[in-house]
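S.K.: Chains as they are written, first to last, in my numbering: chain A, 1 to 356; chain B, 357 to 607.
Everything labelled a hint here was simulated from the structure, so no lab data went into it.
Note that the structure is a prediction, hence the values are computed from the model and not measured.
We put the beta carbon where it would ideally sit given N, CA and C, even for glycine.
Misleading hints may appear alongside valid ones.
Among chain A residues calculated to face chain B with C-beta under 7 Å, some are [to be verified]:
#1 13
#2 18
#3 115
#4 118
#5 128
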Amino acid sequence: MTTPSRNSTSRRGGAHHPLLELTLARLREFIREPEALFWTFLFPIVMSVAMSIAFPSSGSPVVRVGIEPGASADSLRQALAASKDIVVRDVPAADQLRALRNGEVHLIVVPGRPPTYRFDPVRDESRLARLTVDDALKRAAGRAEPWSAHEDLIQIPGSRYVDWLIPGIVALGIMNNGLWSIGFMTVQARLRKLLKRLAASPMRKREFLMAPMLSRLVFLGPEVAVPVLFGALVFGMPVRGSIVNISGVAVAGALAFGSLGLLMGSRVRTFEAISGLMNLTTVPMWVLSGVFFSASNFPDAVQPVIQGLPLTALVDALRGVILEGSTLQGIGSELAILAGWTIVPFFVALRIFRWR
Amino acid sequence: MSVDLAVRCQNLQKRYGDVVAVNGLSLEVRRGECFGLLGPNGAGKTTTIEILEGLLAPDGGEVQVLGLTWLSHERELRQRLGIQLQETQFTDKLTVEETLRLFRSFYDRGRSVDELLGLVELDGKRGSWVVKLSGGQKQRLSIACALVGDPDLLFLDEPTTGLDPQSRQQLWGILRRFREDGGTVLLTTHYMDEAETLCDRVAIVDQGRVIAEGTPEELITSLAKPKVVVHEGTLEDVFMSLTGRHLRDDA
Numbered sequence: 001m002t003t004p005s006r007n008s009t010s011r012r013g014g015a016h017h018p019l020l021e022l023t024l025a026r027l028r029e030f031i032r033e034p035e036a037l038f039w040t041f042l043f044p045i046v047m048s049v050a051m052s053i054a055f056p057s058s059g060s061p062v063v064r065v066g067i068e069p070g071a072s073a074d075s076l077r078q079a080l081a082a083s084k085d086i087v088v089r090d091v092p093a094a095d096q097l098r099a100l101r102n103g104e105v106h107l108i109v110v111p112g113r114p115p116t117y118r119f120d121p122v123r124d125e126s127r128l129a130r131l132t133v134d135d136a137l138k139r140a141a142g143r144a145e146p147w148s149a150h151e152d153l154i155q156i157p158g159s160r161y162v163d164w165l166i167p168g169i170v171a172l173g174i175m176n177n178g179l180w181s182i183g184f185m186t187v188q189a190r191l192r193k194l195l196k197r198l199a200a201s202p203m204r205k206r207e208f209l210m211a212p213m214l215s216r217l218v219f220l221g222p223e224v225a226v227p228v229l230f231g232a233l234v235f236g237m238p239v240r241g242s243i244v245n246i247s248g249v250a251v252a253g254a255l256a257f258g259s260l261g262l263l264m265g266s267r268v269r270t271f272e273a274i275s276g277l278m279n280l281t282t283v284p285m286w287v288l289s290g291v292f293f294s295a296s297n298f299p300d301a302v303q304p305v306i307q308g309l310p311l312t313a314l315v316d317a318l319r320g321v322i323l324e325g326s327t328l329q330g331i332g333s334e335l336a337i338l339a340g341w342t343i344v345p346f347f348v349a350l351r352i353f354r355w356r
Numbered sequence: 357m358s359v360d361l362a363v364r365c366q367n368l369q370k371r372y373g374d375v376v377a378v379n380g381l382s383l384e385v386r387r388g389e390c391f392g393l394l395g396p397n398g399a400g401k402t403t404t405i406e407i408l409e410g411l412l413a414p415d416g417g418e419v420q421v422l423g424l425t426w427l428s429h430e431r432e433l434r435q436r437l438g439i440q441l442q443e444t445q446f447t448d449k450l451t452v453e454e455t456l457r458l459f460r461s462f463y464d465r466g467r468s469v470d471e472l473l474g475l476v477e478l479d480g481k482r483g484s485w486v487v488k489l490s491g492g493q494k495q496r497l498s499i500a501c502a503l504v505g506d507p508d509l510l511f512l513d514e515p516t517t518g519l520d521p522q523s524r525q526q527l528w529g530i531l532r533r534f535r536e537d538g539g540t541v542l543l544t545t546h547y548m549d550e551a552e553t554l555c556d557r558v559a560i561v562d563q564g565r566v567i568a569e570g571t572p573e574e575l576i577t578s579l580a581k582p583k584v585v586v587h588e589g590t591l592e593d594v595f596m597s598l599t600g601r602h603l604r605d606d607a
């Protein structure tokens, strides 16, 4: 075999290096599929907007209180309406449990002397409602205040839920796009006997498996930039890390989930099976990895497992670089975990891959 | 083994569970010839050709292709063989040219993409997505992908199944030109007229073994006894008399 010359494309009759051709093929297949583009770019934005509506980022949270209609309900209503943080509505006794359960109201006040507060103390917002209502009613009843503290109201950028959430959404996007696009395209190529045909050519199998991972990196730029910019411009999310560090983390995440996607798709022969396998892998991580609520809510005993999950590592690393401006050394252990999830699944996939 | 054999296999065995697909099959394909593997559905043709193509490992027997074995020379063999499989569906949303370019990139030597497009008469379709091609055009693309590395030996598994007569003729023309350039062809088919037209020699396979072998003329003279005066013997008669007239459902 001749050594590749500078003019090596002519040796391949006008074609580029096989790894480049395989990557281009994946990219073309992807961009010619409008649904895939939609999910990649719109999903994170829709998700962020929905979350920001559900969890307002400024102003004190409003307390929703239900009053049981009765004799002295009117004076109670007036006393509560004086407080701008409280929204009042009437809730007859028969509807109270349902209203509390659905979060329509956080607390029920039953008129009386003294009144009765009906609520479930497990809910934080109900405990908050109890304190706010109690304060407002006692003040209206003429309680003498020993003193009144000065309130210094500030906003700490980066501490709001939406700031914390957006890096999680970015990580979720990297996971879903990596697993689903690579897993599905692989199963489709197997069903269409294309894998078998490729295996009959001199194509290097390692290059075939690397191509989808490389093609993922091309779309990673917009995929991460869109929700991060959206967060920064619309919600004023602070971006404290450099673009280089954020990109580095995103690439590490995309490679890890690309590699896992290959492993998922390495043997499976039906779309049903790959869907099941994907859900089995991703759903636990949606819950465990601290995307929507902190992973520290889970007991210490399972923390080593949770911290070893690729999504946990990616979420933590992204929050580190975006919100805290961590250096790459600062998130070294997360990057090491992602590297492990890149290398091991890739070589396992290469070994067990089913070409027919 | 003699250098003028392109394929030589002896006593091939392959079973899937309880089903014996190939049962002691032996054959030799000479360089430069077109060799046809004929047989009813489930006779073991595809299994045999896939073993020869190095896609399936046999349970027993020996295979040499171009004087080399799959175990010791897989990479070299892959560079020198052209393979067309039954039912390959290329990526729908790649164009003809992109598909050919992809396959071309795997080979160290071979024809240019433009040359191939001319050879299989797909110039006009170079920018069309694969999904928009007709059955005959898809099949020609498949042949072009098999010819892309300028192979010494071409394996074709039922290359004209499902094609209209024009497309078949066109494909036969491509194969004739490949042969004129010195190429060797091993194909499977269940069209007897195709075998008679294209093949120098044929082997009839049933139940995983070769039950007759020779040039189409030899087989016709020795085995097809004309039943009525007006009816000349054909390879079809040979085939039916050897493999019987009952239907073979896909195994």
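S.K.: If a hint holds in the structure, say so; if it doesn't, say that too.
M.R.: Checked hints:
1. 13: holds, 4 Å
2. 18: For residue 18(A), the interface hint holds, since the closest Cβ of chain B sits about 4 Å away, which is under 7 Å.
3. 115: violated, 68 Å
4. 118: violated, 60 Å
5. 128: violated, 54 Å
Violated hints for the displayed structure, listed by number in ascending order: 3, 4 and 5.
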